[in-house]
Structures are given as C-alpha cells and as structure tokens.
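Student: Chain residues, written in single-letter form:
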Amino acid sequence: MSKVGIIAYGTSPFTKEDHKIESMLHKSTNDLFQKNFNINKKEIDAVLVSTNNNSKYLSPILSEMVGIQPKIAHSIESLCNSGTNSIVSAFSYISSGLADMVLVSGAERYDSPGQILEWDNSRGEFKHPIFWASIFSKSYKQKYGISDEQLAIVSVKNYKQAKENPNALSKKTYTVEDIMNSKKLTDDLRLLNCSRPCTGSASIILASEEIAKKYTDIPIWITGIGQKTTSAGFTKNTTLSSMESTKLAGEAALKMANCNISEIDVAEVHDAFAVCEPMALESLGFINPGEGINMIKKLHETNNFMINPRGGLIGSGHPLGATGISQTIEIVQQLQKTAENRQTNNPKMGLIHNMSAAATSSTVLVLEK
Amino acid sequence: MSFEDELSKGQFCIPECMACKKVVWPPSEFCDNCNEKTLLKKGEFEGKIIEFSKQNEDYFCMVDFFNSIRLIAKMTSSPKKDQIVKISKCGMSDGNYFFHII
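Same order as they appear, the protein sequences are chains A and B.
Our numbering numbers the first residue of the first sequence as 1 and each following residue consecutively.
Our numbering numbers the first residue of the second sequence as 1001 and each following residue consecutively.
Keep in mind the hints are simulated off the structure, nothing from the lab.
No false leads were mixed into what you were given.
If we take Cβ atoms under 8 angstroms as the criterion, some of the chain B residues that face chain A in the derived model are:
| hint | residue |
| --- | --- |
| 1 | P1026 |
| 2 | S1053 |
| 3 | Q1055 |
| 4 | I1072 |
| 5 | A1073 |
| 6 | F1098 |
Small disclaimer: the values here were computed from a predicted structure and weren't measured.
Even glycine gets a Cβ: it sits at the ideal position worked out from N, Cα and C.
Based on the provided sequences and hints, a complete structural model is requested.
Tutor: In structure tokens:
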C-alpha cells in the first residue's frame, strides 16, 4: 500500500455564532490555502465534505467557492466520527490510485441535526445524548468505585488545556467545585461534564508520497487506520463501562501501524462527555480497566498535555463534522512541533480516537512523522 | 399489524422470526439472522433493570427482555439493579416510542 501523508491544514475558530454551513466550509478551506499558497489547486483530485448538515451538494459547492474542479466530490456523514471517516475515505482514494491529492473539509453548525439519532427508538423518550452519557457514567462509577469529584478532573484538565487553544469554544478554566456546582442535568451528569455543540470548521489536504514530498519537508504520515461499528442503537452496547468498538478499532489501527499503544506519545480521544475519556483510554489499552481516572489525574497534576492537548471536545467544543478533522490537525501540529503552548515533549507518534452514537462506531488513526 | 401499529395502541409486542425463532430487536419486518419474516408475540413480558439514572423526579432505566431486547423506560418509583419489571404503559408520541415500567 502506498504511503499517504497530511500536507496542509486550516481551521476556523469554534464559536456559538450563526453562520451558513457553506460559509463555514469556506472559512477553514480558505485558511488552509492562505497558509499554503504554494498548493496548486489543479492537482486536487477529490473534495470530500464531512458534515451532518442537511444542505445538499456541499462538496461541489465548496469546490466552486475555492476554485477547484475535482474528479471526485461528495459528502460523508456518520454523526460524530464523520471527520475521521472522511479522512479514511481520502486515504483510500489515494492508496488505491484513484486520487493523488484530496481536500477534506468538515463543518457543522451549533444546531446540527446530527446531535440526536432519531432512528434509535430503543431509547424511548430518552433520545438526547445526555441519557446514554448518564447511563455510562453511572455504570462506570459504580463498577470502579469512582466519585463524581474524581470524574470532574477530566473537565478541569480539558478546560485548562483548551485555554491554550486559540480556536477553542471555551476560554475559561474551572475547578472541581465549579464542575460539581454546574447545572445538574441528571443525577449522574452536570453541564460542565459535557461537550457543547458549536459552529466550526476544519480542513486538511492528504497526498500521495510523491506529491507530499513535493509540497512539504514535514509531511505527517497516516500509518494506522482502524474502524469498527458494533451497532447503531445505544442499547445494543454489550457493556456500559467500556467501549467495544473503540477497543477493536484501536487494535486494528495499531496492528496496521505495527506498533504498541505504549509507543503513542500524544493522543486526541473523544471526550463527548467526561466519562468517555477514561473509558476510551482504557479501551484503547493506554491503561488497565478502572485506572483511567488515575492516569488523567496524574497528567493534570503534572501539567502533561499528552491526552487531548487542544482541550478535547469538552474544552474545544464539538462541531460534529469538523471534530475528527480538528483532532487530526492537533496531532499533526504536535508531531510537527508547532503546537505552541500545548506542545508535548518531542512526540514521534500520535493517535486520534473519534466515535459516534454512544461508542457504537469508532475510528482510530495513527500518525507518524 | 406492525410493531408500531400495536405500540400506538399501547400494546408492547415481541418481534420473533417465524423460521429461526430469533427475537429481533429493534423491531423489524425481517429477521436479521435468516432474513425470513417476523411475527409479533403478545403478552405481559418481564424484563430486568440493567442500569438506571434519574432526571428530576423520574428515573430512566435500561431494561433487558430475554437477553435480546434492551430499551430505555421511565419509572416513577425508585428502581434497583436486577429488579424484575413489567411494561405498564407504552405508545408513540410525535413518532417516538415511549415505555413506562413498574
């Protein structure tokens, strides 16, 4: 299989502002081309748009707005992991030889229809994600004897890290007490335990080895990809305190990259809700089951940004179609050592974990210099 | 009658494959195992509470029936894990299912 690298990226700030989806896609794509004026748009073979927005024909629209006439142009939707699924599709186009250079642009509005999976009637009248997150939180806390105060550390850490991310939705830091005193949504979930839907966009360009080396001296290679969908409905999850799809996708990605989880220096994990971070770390194999919170506490106390350096979904905000791409950009910046105040110590290998609908589907990417 | 037709009338049915007898969930006209048609079984089915939490005065519980069907139902009294329950009320509202248990 031929190598595929990431050669350029652009992003918009994540906000609560009301912008058209087309305008948001244009913002991050324009940012990308402004930062990479040497890229010849005529060489872009495919334009993939990642979004849950209901607007139609977005890839041809974006292509026209930025002056590209691609061979391949279409949208990709898979709720919250639309972004990394789009990157996997771009990778496949390039590694199969159907394309040499692919623009992937993801965007979402604060009022995305992707926030609630209407199809999942097994959830009864409890379709909003706060209900599955409450069930996960209750189950995880009970199984491992974790308190609400301990779980609050996830939000404290990620808000702190987001403060160093100029594009993050949140600009504030919070204490454990702040988290515990934030609005009670259910007995097992407070407002500051949750990521927030927002308006945002992120774009990257992937290229074949030959094209990548023409455009940059520091391409970041996608060396591992793992994907797994176990179901669509939340109630089909076999366990409520770990993520089966994440475990399987992580194993596949590490196998493809021919590495162990201990070799991963920096990672973005899908903390849609606070409990998701320790569950993801444990399911990916970073730490033993039940010990995720200890790991997170230690990272926080030592100001180590290894996990979710951009502030995670909790701190950065969660514009669904852009999230996986934004996570990927963060790992690219980390590996290129351009992450400024968020920079971790000389990372060589990074991982992205992006999931959908209560971990019923997960995508894991491994990136290397 | 479909599962949703029955549910709209307040009747919770179990969809079961006519050929391989597998309980099919979420409800479907066809079996996800052997692709044959399903039939709806009527009755007063007992389920077990797997997990629960609470919003305001109401509990929302994940309930398992026959190790095959799991759904989230509302309960007004305090639940316990592994508690055996029955559906006391169910139906459809604005296209969404709802289930209450006792």
